[in-house]
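J.: Given chain A's structure and the hints, the job is docking chain B onto it.
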Amino acid sequence: MDRITKIKIGRRKFLRVSAMVAAGGVLLAACGDTVSPTNTPAAGTTTVAGGATSLKLGVLLPFSGVYTQLGLDIVDGMNLYFESIGGVVAGRKIELLKEDEENDPQAALRKTKKLIESDKVDLLTGIVSSAVALGIRDTVDQAKTILVISNAGAKDITGARFSKYIFRTSFSNGQVPYPLGEWAYKNVGKKIFMTAPDYAAGRESVEGFKATFVKAGGTVVGEVYPPFGKTSDYAPFLTQIQQAKPEAVYAFYSGTEAVNFVKQYEQFGLKKDIPLVAAGFIVEQDTLPALGGAALGIKSTLHYADSLDTPENKKFVADFTSKYKRTPTTFALQGFDSARFIVEGLKVVNGDTTNKENLVKALEGVKFISPRGPLEIDPTNHGLTQNIYLRDVVAGPDGKPMNKVISTFEKIQDINTLLKN
Amino acid sequence: MNLSNLSLEFLVLQLLNGLSLSMLLFLLAAGLSLIFGLMNVINLAHGAFYLLGAYFGFSLLNWTNSFWLAFLLAPLGVGLVGLVTEWGLLRWLYQRDHLNQVILTFGLAYVLADVMRWIWGGDPKSLPAPEPFNGFVQILGRQFPTYRLFVIGFSLLLALFLWLLLEKTRLGAIIRAGVSDQEMARGLGINVGFTFTLIFSFGVALAGLAGVIAGPYQSFGPGVDFDTLILALIVVVIGGLGTLSGAFWGAIVLGLADTFGKVFFPELAQFVIYAVMAGVLLVRPTGLFSRSPV
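So the protein sequences, as listed, match chains A and B.
Using this note's numbering, you'd call the opening residue of the first sequence number 1 and step up by one each time.
Using this note's numbering, you'd call the opening residue of the second sequence number 422 and step up by one each time.
In case anyone wonders, no lab produced these hints; they're calculated from the structure.
Since we're looking at a predicted model, the values are computed, not measured.
For each residue, glycine too, the CB sits at the ideal point set by N, CA and C.
Hints may contain errors.
Stated by the list, open to error - Here are the simulated DSBU-like pairs of lysine-lysine, each with C-alpha atoms no more than 30 Å apart in a straight line:
1) A:215 / A:186
2) A:314 / B:546
3) A:420 / A:367
4) B:546 / A:271
5) A:411 / A:347
6) A:271 / A:93
7) B:546 / A:325
8) B:546 / A:272
9) A:114 / A:361
10) A:420 / A:210
11) A:356 / A:367
12) A:93 / A:164
13) A:356 / A:323
14) A:93 / A:314
15) A:367 / A:314
16) A:314 / A:404
17) A:404 / B:546
18) A:325 / A:93
19) B:546 / A:400
20) A:323 / B:546
21) A:230 / B:589
Claimed, not checked - Example chain B residues on the side facing chain A (calculated, C-beta under 10 Å, incomplete):
22) 428
23) 437
24) 555
25) 604
26) 615
So here's chain A without its partners, still in its complex pose (with noise of 0.2 Å):
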């Protein structure tokens, strides 16, 4: 009883608390994400003029948390290239049923089954993580589905949980820096102190970086794996590397995480005296203005920089920006190239999609030219050769900081093929 009173309020009272709440309301739907994964009526179907019926392409992307702007490039890049060929490939129109990968294996799994079992894709794309990548591994192996993966950099996807059904046209974690262990040796220091998040992709891109390294002849001197996404402050870990006193650091962080390890290391002073090398992703579009002066001189390697110069990176940059009104990312370029993928192979078996077997050798035989420059599939384990790039962080004409190409290393292979040699 005594509680029910003490709920019972004003007239007015309750009308300015409504009011605030329908302001808020009104507030967070205003703001609330631009996109929402919306999905093309599944109806059925749907036949375009030809007679032939239309292509139907899952695209499993996170478009919630932490991950909703890689899954967004990624779509828009997909866009992009599908617009350039009029949406049509071997007379099917493309038609892309979307939905939300949640950076959560579970619901990603459950996604991926509505997709195949109740919308009937003929293919699949997208994945950003690497944990959804293998969690829904079995299901589209089971389902004969063919899924080409957009992102998520695993090692195992395309080695030891490798399916004939899955292909990666992004990168693997440890290809990504394994050319750049042998340059640094012979050009930055012979011994390193190596660092990354404690999770797999962490893991992996320092065993690709080290591969190299060691075998050159360097010595690692110490190395360290901080918390993923728990730590903000590196202080501990910057005094623990003077302390081993490296002629070089390896680091591999994104994000938030790569703001606040790049700038701290200035903030020690650790970069005059101790140069830092790292997978690119640590200065990219994201990270670059937050880090400003600090990101000057950092030599990374990564499979795409937007300042390449080739006729087909000038036009890809040049026709992005002026559809989205922003400078491509590496993911958009991976969604670009992921559509590309599917629609040569589809070029091949003339659109046919119920010849899971002939589409397979289709796509392994792909080749083509990208704006990352030459692309094409491994065929022993699905993943991708492709150039890796050495850039320099240097001022651009604007002052502002950006990637400079001052080497390329050509026809790198998926991980797996790498570490087997």
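T.: Frame of chain A; chain B shown alone:
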């Protein structure tokens, strides 16, 4: 960590690292603790106000080109938002139980998170360290950023100021009276409602100050608000809710535990701070420095 590398310099430097984190945590938890102590409100939007302070600092710095102006104005701006929040939303819920307030402030945290993402976008941001604290100094042959020394010194002074304010001034006496016995304070003619508004604004302004002071060495972006809230809550759980000294010592314990946890067990660093919290809860459930059992 190779134990043979341990040396006095190394430990002293790590101690400084720990203190620079502790002092940040103190600024953060002091506001949370004051608000709870006086108003009995658990402000789950505290992390959002921290982030708002950082963003205000970022925009003010862009407009004025002066870090120190941003440093001064950002907490005031956050305090103003706090004032509106207390006046428009919170004060209508004091008569109800805790759950209502918790839900309100938690909801507010989400609303603020979306508003901030809308205004400032999703990419991480940071502030440049200001002159004359943008370099580093040699301490026992190792390098240490001067900005962190500034943070330690400034926060210690602020702690002293807050302590004097609460213990030695009339305003402090009013606040303390409100904390210990609201009815009695009201009876003595103290305007408790006004004191509440003041304390809430001041508490969230401290969170905003923490946000802007952290800007030069901790980047900020979506998600930082909730991570920060959790740290602040752990500090007050360790130190004891509702007192300034609780927030201070709780922050020292947590900052040092986190730093030395990272040094000795880097992969378990996250576990160390929760272990400390669990330990404190087992031995002294009301926190190490609580004034009275809650």
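J.: So, for every hint listed, does it hold in this structure?
T.: To see whether the hints hold, each was checked on the structure:
Of the pairs offered as hints, the one joining residue 215 of chain A and residue 186 of chain A holds, with about 12 Å between alpha carbons and a cut-off of 30 Å not exceeded. Our distance criterion of 30 Å between C-alpha atoms is met by residue 314 of chain A and residue 546 of chain B, whose separation comes to about 28 Å. Among the hinted pairs, residue 420 of chain A with residue 367 of chain A is consistent with the structure: their alpha-carbon atoms are about 23 Å apart, no more than 30 Å. The straight-line distance between the Cα atoms of residue 546 of chain B and residue 271 of chain A is roughly 20 Å, inside the 30 Å bound, and the hint therefore holds.
In summary, the hint linking residue 411 of chain A to residue 347 of chain A is supported, as the alpha carbons are separated by about 25 Å, within the 30 Å threshold. For the hint linking residue 271 of chain A to residue 93 of chain A, the alpha-carbon distance of about 53 Å lies beyond 30 Å, and the restraint is violated. At roughly 21 Å between alpha-carbon atoms, residue 546 of chain B and residue 325 of chain A fall within 30 Å of each other, so this suggested pair holds. The straight-line distance between the Cα atoms of residue 546 of chain B and residue 272 of chain A is roughly 23 Å, inside the 30 Å bound, and the hint therefore holds.
Distance hint between residue 114 of chain A and residue 361 of chain A is fulfilled; the C-alpha atoms sit about 26 Å from each other, no more than 30 Å. Our distance criterion of 30 Å between C-alpha atoms is met by residue 420 of chain A and residue 210 of chain A, whose separation comes to about 15 Å. Note on residue 356 of chain A and residue 367 of chain A: the hinted pairing holds, with a Cα-Cα distance of about 19 Å set against a maximum of 30 Å. Note on residue 93 of chain A and residue 164 of chain A: the hinted pairing holds, with a Cα-Cα distance of about 26 Å set against a maximum of 30 Å.
Between residue 356 of chain A and residue 323 of chain A, the direct Cα distance comes to roughly 35 Å. Violation of the 30 Å bound is thereby established for this hinted pair. Straight-line distance between C-alpha atoms of residue 93 of chain A and residue 314 of chain A comes to about 28 Å, which keeps the hinted pair within the 30 Å bound. About 20 Å separates the Cα atoms of residue 367 of chain A and residue 314 of chain A, which keeps this hinted pair within 30 Å; it holds. For the proposed pair residue 314 of chain A and residue 404 of chain A, the alpha carbon gap of about 14 Å is at most 30 Å, so the pair holds.
About 23 Å separates the Cα atoms of residue 404 of chain A and residue 546 of chain B, which keeps this hinted pair within 30 Å; it holds. The hinted pair formed by residue 325 of chain A and residue 93 of chain A meets the criterion: a straight-line CA distance of about 27 Å does not exceed 30 Å. Taken as a hint, the residue 546 of chain B and residue 400 of chain A pair is honoured in the structure, with Cα atoms around 15 Å apart against an allowance of 30 Å. For the proposed pair residue 323 of chain A and residue 546 of chain B, the alpha carbon gap of about 26 Å is at most 30 Å, so the pair holds.
At most 30 Å may separate the alpha-carbon atoms for a hinted pair to count; residue 230 of chain A and residue 589 of chain B exceed this at roughly 39 Å. With 10 Å as the threshold, the beta carbon of residue 428 of chain B comes within range of chain A, its nearest partner Cβ sitting at about 8 Å, so the hint holds. With a least beta-carbon distance of about 8 Å to chain A, the hint placing residue 437 of chain B at the interface is held under the 10 Å criterion. With 10 Å as the threshold, the beta carbon of residue 555 of chain B comes within range of chain A, its nearest partner Cβ sitting at about 8 Å, so the hint holds.
With a cut of 10 Å, the hint placing residue 604 of chain B at the interface with chain A is violated, because the nearest CB-to-CB distance is about 17 Å. Because the beta carbon of residue 615 of chain B sits about 19 Å from the nearest beta carbon in chain A, more than 10 Å, this interface hint is broken.
Violation of the numbered hints given earlier is confined to hints 6, 13, 21, 25 and 26; the remaining hints are satisfied by the structure.
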